[in-house]
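Enquirer: First residue of the sequence shown: 1, per this note's numbering; consecutive thereafter.
In case anyone wonders, no lab produced these hints; they're calculated from the structure.
Each hint should be verified, as a subset may be incorrect.
Each computed DSS-like pair below joins lysine-lysine, with the alpha-carbon atoms no more than 27 Å apart [said to hold, decoys possible]:
(1) K129 x K167
(2) K154 x K54
(3) K154 x K70
(4) K167 x K190
(5) K133 x K54
(6) K187 x K167
(7) K54 x K87
(8) K70 x K87
(9) K167 x K54
(10) K133 x K109
(11) K54 x K70
(12) K154 x K187
(13) K154 x K133
(14) K131 x K190
(15) K170 x K187
(16) K190 x K170
(17) K167 x K154
(18) K190 x K129
(19) K87 x K109
(20) K154 x K190
(21) K87 x K154
(22) K109 x K54
(23) K109 x K129
If you anchor each label on the Cβ, the simulated ranges turn out as follows [stated by the list, open to error]:
(24) K187 x T225: 20 to 28 Å
(25) K131 x P194: 21 to 29 Å
(26) K133 x D46: 18 to 26 Å
(27) P182 x N68: 27 to 35 Å
(28) D46 x F20: 20 to 28 Å
(29) I78 x T50: 22 to 30 Å
(30) G108 x G134: 34 to 42 Å
Think of the CB as a built atom: it goes at the ideal place given N, C-alpha and C, for glycine as much as any other residue.
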Amino acid sequence: MANTGVGFITRCALIPQDSFSTFTVLNNCPYTVWAAAYPGGGRRLDTNQTWLLKLPSPTTGRIWGRTNCKFDSTGHGICETGDCGGKLECQFSGSPPNTLVEFSLNQGKNLDIFGISLVDGFNIPVELKPKSKGCNRVVGCTADINGECPEALKADGGCNNPCQVFKTEKYCCFSVTERCRPTDYSKFFKDRCPDAYTYPTDDATSTFTCPSTGATGYHVLFCPTN
1 MANTGVGFIT RCALIPQDSF STFTVLNNCP YTVWAAAYPG GGRRLDTNQT WLLKLPSPTT
61 GRIWGRTNCK FDSTGHGICE TGDCGGKLEC QFSGSPPNTL VEFSLNQGKN LDIFGISLVD
121 GFNIPVELKP KSKGCNRVVG CTADINGECP EALKADGGCN NPCQVFKTEK YCCFSVTERC
181 RPTDYSKFFK DRCPDAYTYP TDDATSTFTC PSTGATGYHV LFCPTN
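Based on the sequences and whatever the hints tell you, model everything.
Expert: Written out as structure tokens, the structure is:
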């Protein structure tokens, strides 16, 4: 798989839309997070504030948090991490480093596919919890990645994935993804966040499913351990 930052969601075929799924995004961090979703837009969330996001099912997308943002009254500005073209309402994916919640809703065999990706690096601890009956698999990356980030990967407000820093075949797997292997840097992320997708072919231990019931919902929690 190419290192697009999209991870497993690029391999899911969509089927006709006929329902919606709700994502409840809560900021539990002791600082403001500018939540973002593609598709979905964006919202400023102060501590303990919630954003209710309703997305068509099936759809494929991602949710992430942005930090240290400044926006004017027209919704234009800049963020230190996760910036999406200087807009409050994101119309495309954010800039690394940013911790990603990725999902493909209502896919083959009526399954939702989801996971946490660090292929774009890390900026905020996050947890994804299904709130539908019959599915209780919680996934997350809650470690202090920023505080333990290797020197070569350090970035303002976050921790880069090695592909963004070195831009080499070893870390990015540009052309021969079937031979893509873990590296010392991907193992750094995996040791601290076992659920997370940490390099381009890290699917086996990082992709999770829930039955898609037509009314499936999910909680996304920033800073879950605070």
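Enquirer: Evaluate each hint against the coordinates.
Expert: Cross-check of the supplied hints:
1. Using a Cα cut-off of 27 Å, the hinted pair K129 and K167 is violated, with the two alpha carbons roughly 33 Å apart.
2. Taking the CA atoms of K154 and K54, the gap is near 34 Å; set against the 27 Å cutoff, the hint is violated.
3. The hinted pair formed by K154 and K70 meets the criterion: a straight-line CA distance of about 22 Å does not exceed 27 Å.
4. Restraint check for K167 and K190: satisfied, since their Cα atoms lie roughly 20 Å apart, inside the 27 Å limit.
5. Restraint check for K133 and K54: satisfied, since their Cα atoms lie roughly 18 Å apart, inside the 27 Å limit.
6. In summary, the hint linking K187 to K167 is supported, as the alpha carbons are separated by about 18 Å, within the 27 Å threshold.
7. Our distance criterion of 27 Å between C-alpha atoms is met by K54 and K87, whose separation comes to about 20 Å.
8. Distance restraint check for K70 and K87: the Cα-Cα separation of roughly 10 Å lies within the 27 Å cut-off, and the hinted pair is therefore satisfied.
9. Straight-line distance between C-alpha atoms of K167 and K54 comes to about 36 Å, which puts the hinted pair past the 27 Å bound.
10. Distance check on the hinted pair: K133 and K109 sit about 17 Å apart at the alpha-carbon level, within 27 Å; holds.
11. Restraint check for K54 and K70: satisfied, since their Cα atoms lie roughly 26 Å apart, inside the 27 Å limit.
12. At roughly 16 Å between alpha-carbon atoms, K154 and K187 fall within 27 Å of each other, so this suggested pair holds.
13. For the suggested pair K154 and K133, the alpha carbons sit about 40 Å apart, so the restraint of at most 27 Å is broken.
14. At most 27 Å may separate the alpha-carbon atoms for a hinted pair to count; K131 and K190 meet this at roughly 26 Å.
15. With a CA separation close to 14 Å, the supplied pair K170 and K187 stays within the 27 Å bound.
16. For the given pair, K190 sits about 17 Å from K170 by alpha-carbon distance, which is consistent with the 27 Å threshold.
17. For the hint pairing K167 with K154, the CA-to-CA distance comes to about 15 Å; that is within 27 Å, so the pair holds.
18. For the given pair, K190 sits about 20 Å from K129 by alpha-carbon distance, which is consistent with the 27 Å threshold.
19. Between K87 and K109, the direct Cα distance comes to roughly 36 Å. Violation of the 27 Å bound is thereby established for this hinted pair.
20. A threshold of 27 Å between alpha carbons decides the hint, and for K154 with K190 the separation of about 17 Å falls inside it, so the pair holds.
21. A threshold of 27 Å between alpha carbons decides the hint, and for K87 with K154 the separation of about 25 Å falls inside it, so the pair holds.
22. Between K109 and K54, the direct Cα distance comes to roughly 22 Å. Compliance with the 27 Å bound is thereby established for this hinted pair.
23. This hinted pair checks out: K109 and K129 have alpha carbons roughly 21 Å apart, not beyond 27 Å.
24. Between K187 and T225 the CB atoms are about 22 Å apart, so this pair conforms to the stated range of 20 to 28 Å.
25. Against the hinted window of 21 to 29 Å, the Cβ-Cβ separation of K131 and P194 comes to about 23 Å, which satisfies the hint.
26. A beta carbon spacing of about 32 Å between K133 and D46 contradicts the range 18 to 26 Å that was offered as a hint.
27. The given range of 27 to 35 Å is respected by P182 and N68, whose C-beta atoms sit roughly 31 Å from each other.
28. Separation of D46 from F20 is about 27 Å and conforms to the stated range, judged on CB atoms against 20 to 28 Å.
29. Between I78 and T50 the Cβ separation comes to about 25 Å, which falls inside the hinted range of 22 to 30 Å.
30. Between G108 and G134 the CB atoms are about 18 Å apart, so this pair departs from the stated range of 34 to 42 Å.
When the structure is compared with the earlier hints, violations turn up for hints 1, 2, 9, 13, 19, 26 and 30 and for no others.
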